[in-house]
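Q: First to last, the protein sequences are chains A and B. Position 26 (the first sequence) corresponds to 26 in this note's numbering; numbering is contiguous. Position 92 (the second sequence) corresponds to 1092 in this note's numbering; numbering is contiguous.
Derived from the structure by calculation, the hints contain no laboratory data. Glycine residues also receive a C-beta, built at the ideal position from the N, C-alpha and C atoms. The reader is advised that the hints may include incorrect statements.
[As the list claims (entries may be wrong)] Derived PhoX-like pairs: lysine-lysine, alpha-carbon spacing no greater than 25 Å straight-line:
id, chain 1, residue 1, chain 2, residue 2
1, B, LYS1178, A, LYS282
2, A, LYS209, B, LYS1208
3, A, LYS312, B, LYS1162
4, A, LYS299, B, LYS1316
5, B, LYS1300, A, LYS299
6, B, LYS1285, A, LYS209
7, A, LYS312, B, LYS1167
8, B, LYS1285, A, LYS77
9, A, LYS299, B, LYS1162
10, B, LYS1162, A, LYS278
11, B, LYS1315, A, LYS341
12, B, LYS1178, A, LYS299
13, B, LYS1167, A, LYS278
14, B, LYS1285, A, LYS278
15, B, LYS1285, B, LYS1300
16, A, LYS341, B, LYS1255
17, A, LYS312, B, LYS1274
18, B, LYS1261, A, LYS282
19, A, LYS312, B, LYS1178
20, A, LYS77, B, LYS1208
21, B, LYS1315, A, LYS77
22, A, LYS341, B, LYS1167
23, A, LYS299, B, LYS1287
24, B, LYS1300, A, LYS312
25, B, LYS1162, A, LYS282
26, B, LYS1208, A, LYS312
27, A, LYS278, B, LYS1316
[Claimed, not checked] In silico contact screen, one side only, chain B against chain A (beta carbon under 10 Å); selected entries:
id, residue
28, ILE1206
29, VAL1226
30, LYS1228
31, GLU1229
32, ALA1258
33, GLU1272
34, PHE1302
35, GLU1303
36, GLN1304
37, LEU1306
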Amino acid sequence: MRWMKIKRIFCASEVRHNKRAIDLIQRFQPEQILEVKDVRDANQYLERFSDPVAEGKQSLFLANFSGRFFEQCPCTKGYVRCGYWILSPVVGCPLDCSYCILQAYLNSYPIQVYLNLEDLFAEIEKWQMAHPEKRIRLGTGELADSLALEPELGYAKTLIEFFSNRQGFVFEFKTKTDCISPFLEFKPSENIIISWSVNPELAVQNEEKGSAGIEARLNAAKSLTEKGWRIGFHFDPILPEYGINAYLDLIEHIFQQVKPEMVKWTSLGTLRFPPSLKPIIKSRHPESRILCGEMFPGKDGKLRYLRPIREKFYRAISSRIYEHSPKTWTYLCMESKSIWKRVLTAKDAKHAKNC
Amino acid sequence: MKITPALVQVQLLELKGENQYRLSFFRNLDPLIKSLQLTGQTAPVLCRETQKGYQLFSGFLRRDAMLRLGKSSAFALVWKEKDLTEKEAFRFAFFENALTRGLNLAEQAKAVARLRESGFSDQEIACEYFQKAGIGISVSGIDLLNLFYGISRDWQEYLTEKELSLKQIAWFLNLAEKEQGALSFLLQLKPTASQLRQILEMIEEIIKRDRTSIEGLIQSIRAASVLKEKKLNANQKLEKLLRNLKKLRYPEYEKLSARHKKILLELKISPEIKLEPIDYFEEPKYKLEMILESDTGVSKIFEQMLQASQTALWKKLFEMDED
């Protein structure tokens, strides 16, 4: 299944002669190419459509980035950090998940693709020189889907080349697609993990528009593990509206497809979002069921399910994962230390205090 | 070709055009009357001169206010019928009203209905009228305004008065007439804007979650019997219905609250002491509040708390594993 087509590319004037920009335009073959001064011009152009967010998902904005590509995941106030680092050569996503925070979080509509990857790599090297003792997990799947623009984008290949076997880094590609072609050209690397965000098939159909179906994701995962790549699964966001049994069935399905020893980590996180996202979900995804849950503002002001509901799901899902794969590291995303302790094994829960 | 309208003194009672052009709906005339008393008429009303007489197309509120003040005539800018089409006149009226006093929801809906009748597409209405008048609205918003135009006058008045946004009432506007009618008890109880928003949101979410009908939901919250309770005034009835609705919308939270209340009751803590959960039972922490009066024994309150804190029941209050 193919996600939304890129039908338009905005090119910042400063990069109109950039070789990478020219290559990308050739590879994506958009219907429209528009030269703009900056992303504000692109936003203004897209605002004329009835759903600029949807139009933005079919548009790329090519530019150089002068800020920081690499930063620690800010997590959320009052909850445990999982110690993740975010790398953002791309900001925005062509998939259209109803719950996606990017709909409210980003201040620009098109998917921003930054061309100055040399600066990104220099930033990483500089950081590593300043922190030679550190070993961190990082990935490109926070502000984008790591593989949704592949293989046309070609960044996955470049990142594999750079991070493969690089000391101090465990690099994660996080996706909801089945686009694994970039990995097939390389030998598996211990420190490169490909992970899938997963949900029961009905939730995928209702809430994750444009993404690959669960069968396709698991087939992709299976193919890569058979070639020796290590993988991960993120049960995030868990959507309690779809029922606990659907998640337990999903876990059974996963471990029918992949060998437990190939699963490096799993993470769990129930749906949470700032209240400002609620009207956006209502108007952009009227068929979505996710607003029917019992959600209340947490310590960080975000809406989240009532604690006993979250715990019930965490406990059931983590137990089933432990049954299949006791050695896989399981962690929680944006949860309090007390919940880590109450729903995970002591071995996994101890990570909460290390972060 | 230059067209100049004439400034003419017209008889107020002779002005026609009410059905064709009037946009104003549910407006309080008092401020306008006051301003006319202070300064007199400062801006002429706008008319077309037709074979049937003067057709007023902008200035209905001014005309009404002047009539209330006992005036019989007013200054008007008058265009000859051939110099200004009905469409052009309505365009003047729309922009004059939108850019000076602004348009409320009912007026926006009326404008959409008129413009659709004149053959404009929703895209044209959004871009050429609303957006140019500074009303940020998309094509789907135009559709909602059209739905607004079709709801009963009582609901139109109420929703306009409460100044809810189109997004906040989108779900309600998409209901069938019968379903909207089933909710008309709300018109009697007159919830505030924020209560109404909360009620509509909860009803929408329950219906989606439970796949029930509005009628079924109204039965579940026992609306009919609450409305009949003679001892309760409208506000108390509304409070009660809101409580019933919340119980239905948040059943797990209700369970936690009920457990909490039960423990407090068994602990026999006096009503001057309040032990409220923090962040919706996110953690086993409570906020302690005490009401003190000059003759309240502080030591008695603390003694009571101390005694309670030494019981097994107190421990239960801080257990996160609910029964």
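Q: Would the hint linking B/LYS1285 and B/LYS1300 be met if the CA-CA limit is 25 Å?
A: 23 Å, holds
Q: Given the proposed pairing of B/LYS1261 with A/LYS282, does the C-alpha separation stay at or below 25 Å?
A: 34 Å, violated
Q: Take the C-alpha atoms of A/LYS299 and B/LYS1316, compute the straight-line distance between them, and say whether it is at most 25 Å.
A: Since the Cα atoms of A/LYS299 and B/LYS1316 sit roughly 23 Å apart, the hinted pair holds (cutoff 25 Å).
Q: Decide if the proposed pair is consistent with the structure: B/LYS1315 and A/LYS77, CA atoms, cutoff 25 Å inclusive.
A: 28 Å, violated
Q: Keeping to a limit of 25 Å between CA atoms, is the pair of A/LYS77 and B/LYS1208 held or broken?
A: 32 Å, violated
Q: Is the interface hint for B/PHE1302 satisfied, with its Cβ closer than 10 Å to some Cβ of chain A?
A: Hint violated; B/PHE1302 Cβ to chain A Cβ min 28 Å, cut 10 Å.
Q: Take the C-alpha atoms of B/LYS1178 and A/LYS299, compute the straight-line distance between them, and say whether it is at most 25 Å.
A: 42 Å, violated
Q: Taken at face value, is the distance from the CA of B/LYS1274 to the CA of A/LYS312 at most 25 Å?
A: 29 Å, violated
Q: Sort out whether A/LYS312 lies within 25 Å of B/LYS1300, counting only the CA atoms.
A: 41 Å, violated
Q: Does the closest beta carbon of chain A sit nearer than 10 Å to the beta carbon of B/GLU1272?
A: 28 Å, violated
Q: Under the criterion that the straight-line Cα-Cα distance not exceed 25 Å, is the pair B/LYS1300, A/LYS299 satisfied?
A: 34 Å, violated
Q: For A/LYS312 and B/LYS1167, compute the direct alpha-carbon distance and say whether it is at most 25 Å.
A: The given pair, whose Cα atoms are some 34 Å apart, is violated under the 25 Å limit.
Consistency with the previously given hints fails for numbers 3, 5, 6, 7, 9, 12, 14, 17, 18, 19, 20, 21, 22, 24, 27, 29, 30, 31, 32, 33, 34, 35, 36, 37, ordered from lowest to highest.
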